[in-house]
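Trainee: Protein chains in written order, with full-length UniProt numbering: chain Z, 1 to 204; chain C, 1 to 204.
Some clues are possibly wrong.
Copies of one chain are not kept apart here, so a pair can be met inside one copy or by any two copies together.
Mimicking SDA-like on lysine to any residue, the simulated pairs with C-alpha atoms at most 20 angstroms apart in a straight line are [as the list claims (entries may be wrong)]:
#1 K102 to R90
#2 K17 to R28
#3 K35 to D46
#4 K54 to Q42
#5 K102 to P76
#6 K6 to L43
#7 K130 to Y57
What the hints contain is simulated information worked out from the structure, not anything from laboratory work.
Just so we're clear, the structure is a prediction, and the values are computed from it rather than from any experiment.
2 protein chains.
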Amino acid sequence: MNFPSKLIEDAVVEISKLPGIGKKSALRLVLHLLKREETQTQLLADALVAMRTKTSYCRKCHNISDDELCQICSSPRREQQIICVVEDTRDVLAIENTAQYKGLYHVLGGIISPLMGVGPNDLNIDSLLKRIEQADENEKVQEVILALSPTMEGDTTAFYLQKKLKAFPVKISTIARGIPIGGDLEYTDEVTLGRSILSRIAYE
Amino acid sequence: MNFPSKLIEDAVVEISKLPGIGKKSALRLVLHLLKREETQTQLLADALVAMRTKTSYCRKCHNISDDELCQICSSPRREQQIICVVEDTRDVLAIENTAQYKGLYHVLGGIISPLMGVGPNDLNIDSLLKRIEQADENEKVQEVILALSPTMEGDTTAFYLQKKLKAFPVKISTIARGIPIGGDLEYTDEVTLGRSILSRIAYE
Chain Z
1 MNFPSKLIED
11 AVVEISKLPG
21 IGKKSALRLV
31 LHLLKREETQ
41 TQLLADALVA
51 MRTKTSYCRK
61 CHNISDDELC
71 QICSSPRREQ
81 QIICVVEDTR
91 DVLAIENTAQ
101 YKGLYHVLGG
111 IISPLMGVGP
121 NDLNIDSLLK
131 RIEQADENEK
141 VQEVILALSP
151 TMEGDTTAFY
161 LQKKLKAFPV
171 KISTIARGIP
181 IGGDLEYTDE
191 VTLGRSILSR
201 IAYE
Chain C
1 MNFPSKLIED
11 AVVEISKLPG
21 IGKKSALRLV
31 LHLLKREETQ
41 TQLLADALVA
51 MRTKTSYCRK
61 CHNISDDELC
71 QICSSPRREQ
81 QIICVVEDTR
91 DVLAIENTAQ
101 YKGLYHVLGG
111 IISPLMGVGP
121 NDLNIDSLLK
131 RIEQADENEK
141 VQEVILALSP
151 TMEGDTTAFY
161 LQKKLKAFPV
171 KISTIARGIP
181 IGGDLEYTDE
191 VTLGRSILSR
201 IAYE
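When you get a sec, could you build the whole thing from the sequences and use the hints?
Mentor: Following this line, the structure appears as structure tokens:
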């Protein structure tokens, strides 16, 4: 593309570094901003910089938080004995939206991926083990739920965590894998269907 | 969505004001930026503000330009006698990409749309008429091509321009409407097909 202006080109190049936005979409966004008030662009830029430079993380669960302790960790209504281990903040939001979970979280900040150069030491794993080890008597962790994506990296991370967690007297579980609610048996992939037969649930 | 942080929420709200980006995509972009270097966000924000505050327009054709006169208007290799009237910069880029047009442009900066409150006075129409009127002898405009989208607003704008341009001794034309190259006759909508029959081209 032959941009009519260096400024436009710079903006397009920076925007198209974002995932899922190509050069054409980036140009559309730039022309949209040019038509709007100057303050809108300023607000957007300020919000981005503030978000990137000032966002802090909960010292307990490593979820994004404006305070030292996040709303979930500091809530007296959450069950302190269960920790759900997730990859990132989006997973916390997704699980919170179900309104089915009342325990605490632990955000790893990624998953083990040798291809991407992410090892166990790059993740918040040590702090998880410390959290279980150093818990007060009334906050003793009884169960750790591994809620990681059912991918190779997710499974590797879950396997690593399982090994590490065996040293503690906690129940370790994982979220159920199977056919999605409303899913069609016929169109489910073989791996999922195979697993759902192996881990079948007995009627009580 | 229950955001874990006001900063994140602000950034998501500002990003999702952009066309075609919802709150979920905005959150994905925010978390992506959080994982990247701080400089990337800073560069993006700076590029956006610079683009919005410093972009200027060619004084002749109103296309985006870093200089007072854009590259196309100042090029001696372009035909000065033909002006192609378009809605915005994207259309200029699209036509330039075809490499089929060697004349000049005139960017209206929008199209007449009573619903959106855009009237003829909000567009660069007066300057187009002045351009034709005040042209030097060797730059006399001979043809004005109306290259507007074949929508109701585009047709309204074209109709308005036609009326205004009749006062000048210039040829007025519009880009051909018809079946797209490679398009399938069977699947072409009735309006396009009907128009393509009415404005059939005789073999020479």
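Trainee: Next, verify each hint and record whether it holds.
Mentor: Structure-based check of each hint:
1. Taking identical chains as interchangeable, the C-alpha atoms of K102 and R90 lie at most 20 angstroms apart only when both belong to the same chain, with a minimum of 17 angstroms there against 51 angstroms between chains.
2. For a Cα distance limit of 20 angstroms, the shortest separation of K17 from R28 qualifies both inside one copy, at 15 angstroms, and across copies, at 13 angstroms.
3. Taking the closest pair of Cα atoms, K35 and D46 come within 20 angstroms of each other both inside a single copy (19 angstroms) and across two copies (18 angstroms).
4. Taking the shortest Cα distances, K54 and Q42 sit within 20 angstroms of each other both inside one copy (17 angstroms) and across copies (13 angstroms).
5. In this homomeric assembly, K102 and P76 come within 20 angstroms of each other (Cα to Cα) only inside a single copy, at 11 angstroms, whereas the closest approach across copies is 71 angstroms.
6. In the homo-oligomer, the alpha carbons of K6 and L43 lie at most 20 angstroms apart only across protomers (14 angstroms), although the nearest pairing inside one protomer, at 22 angstroms, exceeds that limit.
7. Taking CA atoms no more than 20 angstroms apart as the test, K130 paired with Y57 passes inside one copy only; the shortest distance there is 17 angstroms, against 60 angstroms between copies.
Violated hints for the displayed structure: none, as all numbered hints are satisfied.
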